[in-house]
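We have chain A already, so just place chains B and C on it with the hints.
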Amino acid sequence: MPDRSPIAGRDVVTLDTFSPEEIRWVVERAQRLKREPPGAPLAGRSLAMVFFNPSLRTRASFAIAFRTLGGTVIDLEAGRDLWPLEFREGAVMAGAADEHVSDAARVLSEYADLIAIRSLARGLDWAQERRDLVIVSFQKHSTVPIFNMESVLDHPCQAWGDALTLTEALGPPAGRRLALTWCYHPKARPLAVPHGVSTMAAKLGLHLTISHPEEYALDPGVLAMVQRTAEESGGSVRLCEDPRAAVEGADAVYAAPWGSIRYHNRPEEEAELRLRYRERRVTPELMARAPGARFLHAMPIRRNVEVDDAVVDAPTSLVVPQAANRLHVQRALFLSVLGM
Amino acid sequence: MPDRSPIAGRDVVTLDTFSPEEIRWVVERAQRLKREPPGAPLAGRSLAMVFFNPSLRTRASFAIAFRTLGGTVIDLEAGRDLWPLEFREGAVMAGAADEHVSDAARVLSEYADLIAIRSLARGLDWAQERRDLVIVSFQKHSTVPIFNMESVLDHPCQAWGDALTLTEALGPPAGRRLALTWCYHPKARPLAVPHGVSTMAAKLGLHLTISHPEEYALDPGVLAMVQRTAEESGGSVRLCEDPRAAVEGADAVYAAPWGSIRYHNRPEEEAELRLRYRERRVTPELMARAPGARFLHAMPIRRNVEVDDAVVDAPTSLVVPQAANRLHVQRALFLSVLGM
Amino acid sequence: MPDRSPIAGRDVVTLDTFSPEEIRWVVERAQRLKREPPGAPLAGRSLAMVFFNPSLRTRASFAIAFRTLGGTVIDLEAGRDLWPLEFREGAVMAGAADEHVSDAARVLSEYADLIAIRSLARGLDWAQERRDLVIVSFQKHSTVPIFNMESVLDHPCQAWGDALTLTEALGPPAGRRLALTWCYHPKARPLAVPHGVSTMAAKLGLHLTISHPEEYALDPGVLAMVQRTAEESGGSVRLCEDPRAAVEGADAVYAAPWGSIRYHNRPEEEAELRLRYRERRVTPELMARAPGARFLHAMPIRRNVEVDDAVVDAPTSLVVPQAANRLHVQRALFLSVLGM
Numbered sequence: 001m002p003d004r005s006p007i008a009g010r011d012v013v014t015l016d017t018f019s020p021e022e023i024r025w026v027v028e029r030a031q032r033l034k035r036e037p038p039g040a041p042l043a044g045r046s047l048a049m050v051f052f053n054p055s056l057r058t059r060a061s062f063a064i065a066f067r068t069l070g071g072t073v074i075d076l077e078a079g080r081d082l083w084p085l086e087f088r089e090g091a092v093m094a095g096a097a098d099e100h101v102s103d104a105a106r107v108l109s110e111y112a113d114l115i116a117i118r119s120l121a122r123g124l125d126w127a128q129e130r131r132d133l134v135i136v137s138f139q140k141h142s143t144v145p146i147f148n149m150e151s152v153l154d155h156p157c158q159a160w161g162d163a164l165t166l167t168e169a170l171g172p173p174a175g176r177r178l179a180l181t182w183c184y185h186p187k188a189r190p191l192a193v194p195h196g197v198s199t200m201a202a203k204l205g206l207h208l209t210i211s212h213p214e215e216y217a218l219d220p221g222v223l224a225m226v227q228r229t230a231e232e233s234g235g236s237v238r239l240c241e242d243p244r245a246a247v248e249g250a251d252a253v254y255a256a257p258w259g260s261i262r263y264h265n266r267p268e269e270e271a272e273l274r275l276r277y278r279e280r281r282v283t284p285e286l287m288a289r290a291p292g293a294r295f296l297h298a299m300p301i302r303r304n305v306e307v308d309d310a311v312v313d314a315p316t317s318l319v320v321p322q323a324a325n326r327l328h329v330q331r332a333l334f335l336s337v338l339g340m
Numbered sequence: 001m002p003d004r005s006p007i008a009g010r011d012v013v014t015l016d017t018f019s020p021e022e023i024r025w026v027v028e029r030a031q032r033l034k035r036e037p038p039g040a041p042l043a044g045r046s047l048a049m050v051f052f053n054p055s056l057r058t059r060a061s062f063a064i065a066f067r068t069l070g071g072t073v074i075d076l077e078a079g080r081d082l083w084p085l086e087f088r089e090g091a092v093m094a095g096a097a098d099e100h101v102s103d104a105a106r107v108l109s110e111y112a113d114l115i116a117i118r119s120l121a122r123g124l125d126w127a128q129e130r131r132d133l134v135i136v137s138f139q140k141h142s143t144v145p146i147f148n149m150e151s152v153l154d155h156p157c158q159a160w161g162d163a164l165t166l167t168e169a170l171g172p173p174a175g176r177r178l179a180l181t182w183c184y185h186p187k188a189r190p191l192a193v194p195h196g197v198s199t200m201a202a203k204l205g206l207h208l209t210i211s212h213p214e215e216y217a218l219d220p221g222v223l224a225m226v227q228r229t230a231e232e233s234g235g236s237v238r239l240c241e242d243p244r245a246a247v248e249g250a251d252a253v254y255a256a257p258w259g260s261i262r263y264h265n266r267p268e269e270e271a272e273l274r275l276r277y278r279e280r281r282v283t284p285e286l287m288a289r290a291p292g293a294r295f296l297h298a299m300p301i302r303r304n305v306e307v308d309d310a311v312v313d314a315p316t317s318l319v320v321p322q323a324a325n326r327l328h329v330q331r332a333l334f335l336s337v338l339g340m
Numbered sequence: 001m002p003d004r005s006p007i008a009g010r011d012v013v014t015l016d017t018f019s020p021e022e023i024r025w026v027v028e029r030a031q032r033l034k035r036e037p038p039g040a041p042l043a044g045r046s047l048a049m050v051f052f053n054p055s056l057r058t059r060a061s062f063a064i065a066f067r068t069l070g071g072t073v074i075d076l077e078a079g080r081d082l083w084p085l086e087f088r089e090g091a092v093m094a095g096a097a098d099e100h101v102s103d104a105a106r107v108l109s110e111y112a113d114l115i116a117i118r119s120l121a122r123g124l125d126w127a128q129e130r131r132d133l134v135i136v137s138f139q140k141h142s143t144v145p146i147f148n149m150e151s152v153l154d155h156p157c158q159a160w161g162d163a164l165t166l167t168e169a170l171g172p173p174a175g176r177r178l179a180l181t182w183c184y185h186p187k188a189r190p191l192a193v194p195h196g197v198s199t200m201a202a203k204l205g206l207h208l209t210i211s212h213p214e215e216y217a218l219d220p221g222v223l224a225m226v227q228r229t230a231e232e233s234g235g236s237v238r239l240c241e242d243p244r245a246a247v248e249g250a251d252a253v254y255a256a257p258w259g260s261i262r263y264h265n266r267p268e269e270e271a272e273l274r275l276r277y278r279e280r281r282v283t284p285e286l287m288a289r290a291p292g293a294r295f296l297h298a299m300p301i302r303r304n305v306e307v308d309d310a311v312v313d314a315p316t317s318l319v320v321p322q323a324a325n326r327l328h329v330q331r332a333l334f335l336s337v338l339g340m
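So the protein lines, in turn, are chains A, B and C.
Sequential numbering from 1 applies to the first sequence in our numbering.
Sequential numbering from 1 applies to the second sequence in our numbering.
Sequential numbering from 1 applies to the third sequence in our numbering.
The shape of chain A in the complex, shown without the other chains:
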């Protein structure tokens, strides 16, 4: 393992742009940081967090991770602290937007050493949404590294934290069996978590089984990338509609609710469809098909709707360590991206 950061200056937008070695290097660094006093290596450095959508765990864990290392964080909320932004190049800005993203990104780059963005779906067609224009525009125009705090397509810091959690619980994750299983939620939730977790599993050589109702497939482009990546790393990806079969013999079960891309922007039809699957809940009976398996969920959890209390609160549940590890992985990422 190299001593010097292999990811200095890089954007953290998806795990797809990192090699398995780089991902493991950061996980190991996070493990070391957990045992060390934080010190103040980020004194004089600053992070600008820009929220186009609200957040709890990410806002709190980003801010605390950066500040307890001595750094400065500012927290900007689009629509309150930011002018409405124009994203089209060369636009005649006579409409609602007061500032062009190129100007906002260049100015924030002068004020901050890192810029972190949260930006979810904006009511466009899926083909448009999946281009993640907000974060891609900041990547294009900023002169400092960009962190993705959850976009339409990905949630890399969640996935990287999960890699740390799996490593702590199971040892090196390569070759382990992970079941990613769709569960019911009263709302159509984003796809960033299942995308990010699948990418991470593929990169690290896990055997991944994905189980969801047929209308709830992951984005085809992401799925193709995940399958290609798994092949390269010695892992595998299997789709399996029946959650009981999917979970069978797994080392870890990752539950997540997500909306249907096929019904994107048809919320009433999607809700009606989703209701048909409202019995897809992670129960102790389902978990019994994978004796000893760890349980993961990115939170927030609708208890007894997505997952039974008995599963969330079991000794095999990793949901709280998952949230805690966000802090540690992000510390490792901040330092590594800043070349420290």
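Check the hints yourself; a few may be wrong.
Beyond 10 angstroms from chain B on every Cβ pair, some chain A residues (computed) [what the hints assert, rightly or not]:
1. Trp126
2. Pro186
3. Asp309
Rough simulated footprint, nothing fancy, chain C against chain B, three-plus residues with beta-carbon under 8 angstroms [as the list claims (entries may be wrong)]:
4. 24-31
5. 55-65
6. 320-327
Label-pair distances were calculated between CB atoms; the ranges are [unchecked claim]:
7. Gly39/C x Glu21/B: 40 to 48 angstroms
8. Leu275/C x Glu279/B: 55 to 63 angstroms
9. Pro54/C x Arg10/B: 39 to 47 angstroms
10. Ala174/C x Gly79/A: 36 to 44 angstroms
11. Arg32/B x Asn53/C: 37 to 45 angstroms
12. Glu28/A x Ala8/B: 30 to 38 angstroms
13. Pro54/B x Pro220/C: 36 to 44 angstroms
14. Ala271/C x Leu124/A: 27 to 35 angstroms
In short, the hints are calculated from the structure, not lab data.
For clarity, every value in this text was computed on a predicted model and none was experimentally measured.
The beta-carbon is built from N, C-alpha and C at its ideal position, and this holds for glycine as well.
Chains B and C in isolation, oriented as in the chain A frame:
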């Protein structure tokens, strides 16, 4: 006086759970801290402030107290930075709540060394409100100490700061006469301040006279505790409807407006009732019944409605030192609860 | 140049209260700070930012400037973190205001070493607006220095940063020709930037040409002060309706949109009037009248409405350095006002 903190690891939710010695120990520590350069003893430590209701003095004084000692503060607003919370154990979460308080509290405990909560009345019956479910739930589920930044029942940091202010102005407060006097306000204000101040007075052995219109009694459970406590500490509690008699010969007059528990959740009737008492204002004439008495108020003040300018701006007024002392007492509390 | 700060303890509300020597002293200090590691000279110090109106650049640059020097910042939003304020002395506060500005200012003075205020127009007559009552009230009642983060009348930190930017680009600005030119914007924007820039230019002895449609004159009181000041410093002020003539031979062109004082509070008429001037845009053709001239704008920029892309993105454009220099000038101001 012990050198080591006698309150390490404790929740600061009401002064009722602290002994007179512990309360005085913190007051003395705050006095010492005022004379010392702050240093950075809280470097690497973090405080999560969670606001279910807005705040000025408390938000500012908590954040500045913690940060100027080198610590990290995050400021979370329920309904913006937090998911809507479920408080019932075992609930099937198919309604409005997206996250269970047990999960939110456990996760925040991983991110922060202390959690501070502001949570006022929520439109329930008084019998429900007075249970202070929000703060009690965080106490139950968090693994780090909880600070009360004002709940339905109490405002311990205000009261603890007032103990410091009284000690600075009058010397050791035991045996001193404090008149807590209800004053008119166009709105029905919370009871946390009069409850907290009464508890503090009883703990420290003051002779407390409480004066209010008959429909504006304090919570009976709190009042019974205050009376019991005063007996134990050599103080006393006297109720006295006439404010002029109540103030007679007092060493300090504490003015506060508060709503009627009897009319809780009947705002129109309560407002009509309250209007009948709109002449209950602290005037120089009233203060003249207690020559030399100090004047206290927890702010904000409706000048010339609750209290005349001539009283607020008199040399005997302690309203600004009261606000300033919040900072110093909270510094002493943070360090002491963290075992430093 | 003196070694000790000549502006310790001063309010930073307008450049009009500073001498040319003091303004240059701070510019030179900012230039030195750009080359030095920040250190933590503000450890234990705190800044309270109070926003009566939203902000991007100012909020971010104030917070980062103060914090990366080791200080603590709290960010208070009126109407969320502040009670509604009463500004009239001796008022009977039975209306909407819950707290008097004298109390809010005195309390914040106990919590913070500096108070910074943003407060724009409030829907009053111009004669009232121009008195800048909010910031003037804080100046009157606080016991610590006040910073203006943009008021109705002025935006001194923008102007001071622009002085740094002009100095870096052109050398000592005295004797240089600056064209301040009105440009169209779909909204009536504040006058604080053109006022502040004009004051700065006059103080530093520039030859200033101001160009605007006839209904868009600057505030007569400000303009008279600017003319008087220019005479004293060896500069000059010229009004010139035709932007082409105004720009002719300038060393720098500063574009800004602003509303009509004459039509203040008559938004529909003002909008109709303004539309007549919608062709007043800074184009490469206009800039060609001042070969080599630098281009300035305080941002946000409505690209291709106020200014063409080709001007904003030209090598002669200083818009990004202007924004960056806010940070450096504010650092110099914080330290100097605090007597460091």
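Exercise. Honestly, which of those hints from before does the structure not fit?
Worked result: Violated hints: 2, 3, 4; rest satisfied.
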